[in-house]
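Peer 1: Here is what each chain is made of, one letter per residue.
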Amino acid sequence: MVGITSYGAYIPLHRLSRAELHRAWGGIGMLGMSVPGEKAVAGYDEDSITMAVEAIIDCMRDTDPKKVDGLFFASTTHPYNEKQSSTYISAVVDLEREIRTADFSGSLRAGTIAMTSAIDAIKGGALNNVVVAAADTRLGAPSGLMEQSCGDGSAAFILGDKDVIASIEASYTISDEFAGVWRADVDTFVRSWEDRMVLDTGYSALLYEAISGVMNKCNLKPGDFAKAVYYSPLDVRAHNRLARNLGFDPAQVQDSMFMTVGNTGTALAMMMLVAALEEAKAGDKILFANYGNGADAFVLEVTDAIEKVRDRRGIKGHLESKRMVNNYETYLRWRNLIPMEPAQRPELAPASISAIRRSRKEILALYGVKCKKCGTPQYRAPASAGGRTPSRICVICQAKDEFEDYKFADRKARIFSFTHDNLATTPDPPVTNTMLDFEGGGRGMFDFTDRDPDNVEVGMLVEMTFRKLFFDRGIHNYYWKARPIRV
Amino acid sequence: MAEGIKDKVAIVGAGCTNFGELWDKSISDLMVDATYEALEDAGIESKDIDAAWIGHWSETSGCTGMSLSGSLGLQYKPVSRLENACATGSDCLRSAAYAVACGACDIALAVGAEKLKDMGIAGLPNQYPLGTPMVLTNLSAPGLFAMLATTYFHRYGLSPQEGKRMMAHIPVKSHHNGFLNPKAHFKREVTLEQVLNSPIIAWPLGILDCCGVSDGAAAAIVVRASEAKKFRDDPVYIKALQICANPADGARRTDYDFTHIEATYRAGVAAYAEAGIKDPRKEISMAEVHDCFSITEALIMEDLQFSSRGKVKEDLEAGIFNLDGPLPVQPSGGLKCFGHPVAASGLRMLYEMYKQLQGKAGPRQVKDPKLGLTQNMGGHPADNVVSCVIVGL
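So the sequence lines, in the order shown, correspond to chains B and S. Take 1 as the starting number for the first sequence in this note's numbering and just add one per residue. Take 488 as the starting number for the second sequence in this note's numbering and just add one per residue.
Hints were generated in silico from the structure; no laboratory data involved. Being a predicted model, the structure only gives us computed values, none of them experimental. Relax, there's no trap hidden among the hints.
Restraint ranges, calculated between C-beta atoms of paired labels, are given here:
1) Gly618/S <-> Lys217/B: 56 to 62 Å
2) Asp311/B <-> Asp744/S: 35 to 41 Å
3) Ala343/B <-> Pro647/S: 23 to 29 Å
4) Asn455/B <-> Arg675/S: 34 to 40 Å
5) Asp744/S <-> Ile485/B: 23 to 29 Å
The beta-carbon is built from N, C-alpha and C at its ideal position, and this holds for glycine as well.
Just chain S, with the same shape it has in the complex (with noise of 0.2 Å):
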């Protein structure tokens, strides 16, 4: 196995705009304000960033590095644009912290970006490639991840209203962390109860067991670990960075179970090895998953090991997951209430981590964390990529 870059390389600043329906900010205004917390975090300025990658997913923003030169007047630097789905920001952050471990550059930025609400239409863009056939265009994403729902209900015997109790308990957790969190796109507590009985989207998720679609932007600087602490006395060291894409083989292989994400398992295995972690619930102290539709998260908690199969339910009900619990999951809010621009949610969750290793995370603040984790998912149930950081003190 490769050596892998635990403990190389540093995040010295990172930066987050607020999430949510910003009808006076253009994409541009995102990547500036991302990225200028983050330059005043580390105490850099703009001039000082040798390299620097930009995801969006969205073809309608632009396509080029130029969206992130031209934004924010970058001088001549190396500057690529990034697509890996919803898993957009996290590859950015994996290209700056490859290019900073080797030493081909000194300070590199990354940052993610997204403007979906200027369609005039709720839900995402179509992302249709030239020379789509068009043949499965009846396909929205809530309906995809719903599949999972059907098939973890069947495999484990939960009778649907079982099953969507065992669900509700995600959303009720990160609408709590939310309403805690200033930058958050919903910031609201909900019950029980509203989940179970929110209106059906894609049987049997309900709108509650859904995600918001957001505009926001987020952006890390990092640096190798040795320079680190010249920029600051608390830098957060990257443990493992991993990114898995799997063969989108979901929907053609019959013994591929629908009941868990390989990707996710796998990406989890790899980061787990790179860190040095042998029991991750234990070792783990929070993470930021990518709680598309609730039950992503619950399959989320099995694949990552948090939970052994099938018994996620327990865990919800016992509150494990919860602020207060003994492994905090979306402290946040998750995509479910800080929202979800999907090329900015990998690098939103590395700043929640950031912030929560450094003591800055107010109310919602994890008690004593050692080491955060981020998953970030792009694609669906059938074919996707998935990430899987580390990084702590």
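Isolated chain B (complex conformation) (with noise of 0.2 Å):
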């Protein structure tokens, strides 16, 4: 029985209130109409890499990354448009080398389009654990509805065939040519063809062919179902629709978190679904299904295990733990959408992909080492003045190559000393750099992210998080950050 055996989720800190939007924009179109709620907003640092990240640890909580032989990552922004973003996920999150992964994309639906290649990876003996995850960072232009809607956030399953979760009873999909929503490979901003059109011909149509052909598959009703999982278009008022027309209770429809996170993309059902198996009981039948360029629909029934792997942030935890974003403009700061007056600062020197690849372990699984003398675990930045990584000689007892791995970054540690700095430059000043000293032992020093300067002091717990520094001559370049404890 091939179904889900692990989730989780990510929703950044950030939220910004639509009433901000209205604010600096006025009202949406020619009625000036206002949107209410907010929408959760990526950090200047994080983009749909880090955020994949996230919701990977998250689902991977008590999972042996050893028996993970799949890593399958959906986006419509991925990074590099030639360069993996799946490899670069497992080596963060410290996968093995023999494993088979890959980038979906070109579709909201590339979630859903990855759990059908990873199921059909595992029916056909191929795979046995595959980490299928999802993460968006879209943007709408300015002032549009598409601003208003778009929000960030990610979401992983772990599929397979033991200990499985929630089955996989059935699916149904169709293919279907529509260009309703789209973004061209020169675009920065989201794109829509007349959102009439879009909800007639596309959203509603097809969901309700692709439900209706799955329930007809396995001759299953509406009020079979405990929940209704299924993506929701910009105007949220079509999928309560959708629901009315298919015969579907409002009840029964798990809420799209318009209010709350926004549209995450790619990563909105699978988030949904995440949201919908944190309350899930064993016996539950959950109806699940995508949109996008076609649609995916499927039966999933949850078992006894679902008790066993409750402890996760995902949606509930990461809904709760937010910090409103100050104002319109610092959006605008964050996502990079205007020119800002450079910082008075010298410039970065190239990064060099030689120096990250020989450095990829410390720098992408945040590995440090242990002396196998004295039994110190030590963690050498990459970039410190006194050399570079990798670590030879023991910071203790002076051992020549006497280590094992360590790996630093799943400890806490706690704030030893740390700055606001207001030379060093960041689109959220100031810089708050921390010379951290890990549970366990080892010291260094790392930028602390999701930060409120007010509420730093030495002693303070912290824990470490994946986050990208900067894009400069063709590289996105990725690092480590602490951040407060988040949930």
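Dock the two chains into a complex; use the hints.
Peer 2: Quick look at the structure:
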């Protein structure tokens, strides 16, 4: 029996109130309509890769990384057109080399297409445990409904055929060529055809067809399902209309998080499924469907094993933990949507691909070493003045090449010292730099992100988070930072 | 322990340019000005120099010994370029002193020069070597040193207000001295309140807790002690010259307390041993130290054993290190007011000690000094190299 064996999700800490967008631009369209709620906004140092890492870490809380033999990552906002995101992510979450990685893109349905591919690979016996993640940071052009609607977030599942928490009982797929919502290779912002046609010809018709199709296939009626979890378009009213047309009771329909997160693109339906699984009981049947250049529909059945995977930050945990972005201008700055005066600071040197590759274990998976002679865990920043990684000589007993690997990424740490630096350049000033002492030993200096500058003190407990540092000369450069314990 | 070079090497000439934003001077100008002042002071010509060491940190200035031989027109002499961050100047002196001490040459020249004000922006240039993964880029020098203050305040139970007030005594004192120094970059007095209220650069350091970034050069001419009187009646002798590079462990080992700089302490201990000093606070007459930030100077006072651990606050409040106090520190104004052209600073500190010992320091003359100490630090609190030089008549 193939199905979901674990779930995880991530919602960025920051939220932007739609009232603030209204303050900046006035209402939407001729009627001056104001849109309620708020949307989740990736920090200036987050993108689809970093958010996927968060959701996967949440999902793999009790999974041995060595048992994962596939990583599929779906997004319409991959940082590179030519260079895989999933190989990068697998290095960050420390998966083995002998795995199958693939990026899925091109459609908001990419996440469920990736899930279908994983299900088929497991059914066919090629793979056993496949991580499928989806994340998006889509942009609507300033002042438009798309800007009001799009939010940022991610979700991840592990699919397998042992200890399944929700089995995949059936699926139904339609492929349909229609450019209702799209973004060309040179576009920054999402485009849309006239919304009445987008909804009538596309969304409402195709999801109706796919959902009816999978229910007929299994001889099930709307009343048989505990929850109906399906993608919501930008106009959330169409989400409710579809439920009525299909015969679902509004209480059965999984909330689309429009009021709290916004439309997270490829991640949305999967994030909604995580939210549904957080509340699901053994025996529940869940209808799960996604839309985008066609539609995918699935019938899931929750098993007793669901109770074993409750320890997740998931949707509920991340929703509760939030901070409002001060104003719309901050959002524009974080998304790099307005040219800013350059900082009066020297330019950065180019990132070295060879140096990054050489130090990939330290940089991407935040590995340090532990001395086999004196037992001291130690981390050497790959860019410290006193040499480069890897560490060859023990910092305490000076033994040479007597190390075993020691992972710091999943360890908490306490702030030993810090400063708020007004001189260093950042889209979120001041730069808060910390010297951290890790639980179990080891020290390192790290940027402190998602912090409230007024609430930083010596001794504060922090955790590590993978973030994007900058884009320069064609290279997206990432590294680990510290943050306050999120949930 | 090795024999050391105490009283084996003498400084017979020294030069130092004005420090500041010298928009009309190139690094070559600065090398020529500092060296020719030193040559004139020693009563020799450039052709008399047997070997030279030039230090500059910024790679924008050219990278070989030719930056000096070309500027001075030195004719086919051995010239090496040295770089040890902010401790570069002292390291040039070390090479020159060792060369004459061992007899490899008779007259050696050490020059430190830096041209920082050609960038169009304030602060220091980034110096990322090739092959840097560029993962710790959001660090400024004030930010790195500010973490010392955070930890010092925490360890000794100082509130931010108390801690900032303790630090503020340092720039007030140094600005007073710099005000008296015609070559200083910043020649104005500041009050305690001005320091306390200056805009925060990197919490808890305000802008008046930070030293200036300047252009400038300094030079010294050294000979064997036995020859020194042939050049002048009042040569200044090197009593100790120690450099200590830490193993870049401060950001890696959890037992480092971040309330002292181990390399400063060890360089001091080694220098006191070489010079035969038992009680530094009593025996040292005056010092020029690496006050890149006020907290750095506070810790140096403890590391050099001028103040007991955790007690520098009392000494600062009592004015121990003021120009009229028992142990004047930064009679020149220090990095804070004289300015800090990175590679020149170590030799600039030496220049001040040399002039003070000769009684030529004008209105900022320290009364009857016997031994002067310079402490010069390159790097930041976790990874650094520190020199400690003691000179006397």
